[in-house]
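Participant: Since the structure of chain A is already known, use the hints to place chain B on it.
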Amino acid sequence: MSLKIKALTKSIWVFHLAASPCNNCDIEILDLLTPRFDIERFGIQLVGSVRHADAILVTGSMNRKARQRLKRVIAQAAKPCFVIAIGNCACSMEMFGKSYNQMECLDNVSEVHAYIAGCPPKPEAMIQGVVALIQAQLAALKK
Amino acid sequence: MTPVNRTQIIPIGPYHPLQEEPEFFKLHVDGEKVVKLEIEIGYNHRGIEKLAEGLTYDQVPFLVERVCGICSTSHPFACVNAIEDVGGFDIPDRAKYIRTFIGELERIHSHLLWLGLAGHFLGYNTVWMWAWKYREPVLDCFELITGNRNHYAMFKPGGVRRDIEDEDIPTAMRIVAGLERPLLMFAKIAMADPVLQARLKNVGILTYQDCVELGALGPTSRASGVPWDVRKDHPYAAYDMVEWDVVTTENGDVFDKVIVRVLEMLESVKICKQCLEKLREVKDGIDANYKEIPPGEGIGHHEAPRGEVFHYVRSDGSNRPVRYKIRAPSFMNVPTNNRAVVGYTVSDATITLAAIDPCYCCTERTIVVDADNGKQLMGWKELLRLSQEKTRKLMERYKSRMDRVWI
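These protein sequences, in sequence, are chains A and B. For reference, each letter of the first sequence is one residue, going 1 to 143 in our numbering. For reference, each letter of the second sequence is one residue, going 1001 to 1407 in our numbering.
So here's chain A without its partners, still in its complex pose:
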C-alpha cells in the first residue's frame, strides 16, 4: 500500500466531479489548466474517466440525485485514490445545508483526504491544498 501511495504523490491525475455546485469552483479548477497557473507543469492533469484518476475533486453540496451518482463514481475509481473536497459547499454544505433537497455531507459518503475551503477557493489555494496533501501523505509514509 505504501508504494502505491508514494506513486500517487507523483504527477496526480485528477477527475472533476460536480455534485450540484454553483459552477464557480469548477471554473476555477479549469482555470488551473490555463496559462496563468498551468498546473500541467507539475504533471497534474484533468482526465476524462474516473478510472484513470489518482484524485477526485468534488465540488458542491450533494443533492439527492447527484448523491447516488457520486457514490457510484467514487466506487468506480481505482484505489487508493484521494478524495479532495473543493469549496465550502463540499466541505460543509454551507448555506445549502438546510435545503430540502440536500441529504448529507460529503464526509458521510466517502473518506475525504483534503478540504480546500473558500467560496470559491482561489487557484493558488487549490495548489497549496494539493501540495499539503502530498506532503502529509509522504510524512505519514516516513513514520
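To be clear, the hints were calculated from the coordinates, so they are not data collected in a lab. Fair warning: this is a prediction, and the values are worked out from it, not measured in the lab. Yeah, the Cβ is synthetic: ideal placement off N, Cα and C, and Gly gets one too. Take every hint as true, because none was put in to throw you off.
Simulated crosslink set (BS3-like; lysine-lysine; CA at most 25 Å straight-line): (1) A:Lys98 <-> B:Lys1325; (2) A:Lys122 <-> B:Lys1133; (3) B:Lys1026 <-> A:Lys71; (4) B:Lys1201 <-> B:Lys1393; (5) A:Lys98 <-> B:Lys1050.
Quick partial rundown of chain B residues pointing at chain A, CB under 8 Å, derived from the structure: (6) Leu1063; (7) Ser1072; (8) Trp1132; (9) Glu1136.
Facilitator: Just chain B, lined up with the frame of chain A:
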C-alpha cells in the same frame, strides 16, 4: 414487414470532464444524423427559492449569487432590482454606475469563458488557452474592486456594498482598455479563419421564427436577428445613461453566435469605460439605506450574459420574502436545442449544444423525473474526439489559406 427502428442512443453525461456541470443529454441518432434529443437535468437542484424564503432581504442577494458562479452578478442584480421594485425605491447615481460596471465586466468574463470552451470543443485548444489568458486580467479587476475573483458580493438592496476608490480607477481603466486589442484579434480570427467558417456556418441554425416561438433569449436570439435586450427594452441601473448598441446578426447559426458574443464584449468595454469616467465625477453616495420593505410584489430583470434573468419577490411587510421566484435564461434557451441539434450530424452536436452557453446551475428550479438510461454506445470523450477530428480534416483541406490567418 414492419419498419425497423434503427435509431440508437448516445448518452452525453451526466458526468463528463468538460462541461463543468452535471447534465444529461440523450441523442437519438440514425447513423450520423441526430433525429431526436432528450434533455434530463436535476443534478443541480438545491432548493434556492425555498431557502430564500428563510432569509432576510439583506441575505437573499448572497444566496442568489450562488445560484450560478459564472453569472454571479446577474442574479443579485435582478434580485436587488426586484426588491427595490417592491417599494419603488430609487438609488444614487454612483451606485447605478458601479452596478452597471460590474455587470458589464462580468459579461466580458463570461463570454471569454464561453469562447474558450467553444474553441476547445472544436479542437482549437489555442483559442481556449488564449481566451482564458485574456480573462485573467478581468478577474484581477474584480479582485481589485470587490476583493474576490468570483462571487463579488457587491450588491445590496438600495445600493452597493463597496465603493470603487478613485485611485483604483486608472488601473481598472487600463485593464478594460487593454481588452480591446485581444477582442479585435478574436473577431478578426473568427471572420478570417476558413476552418471556423466551414465548421460553424450553417450549423445549428435557429430561425427568427424558432426564437420567437420558443422564447429564446440573449445572444441565442440576437444571433437570429431578434433584437431583444432588457438593457434597452426596460432600462435599469445606468444602462439608459450610457451610449451603447444592441448587437444582432441574421443567420442564427453557431458562427453568428460566436460573432454576436465577440461584438457584445466590445460593446461592454465601451460601457465599462463610460462608467469609469462617470465615477470620477458622480459622487452622491453608494447606498440609499432603506430600512423597511413595504408589503407588495416586485419584479427585477437583468440581461445576463446568457439572456434575461427574471426575479419575482412577494413581501408581506416583514423582513423576509414570502415567495421568491427565479427564471434563468437557460430555462428558455435549452429547449431551442431541440430545433438546433436535430437534423445535423453527431460531430456538430457538441458545439451546437454548447452554443447557447447553457447554465444548468441557473436553470434547475424544479426536479426533473429520472428517465431510463439508454445503452452506452459512445461516451462524451468519443464525441469530443469526433468533433475535433472534423476540425482537423477541415484544417488540412484549408491548409494553404490557413497560413495567411494564423501568423
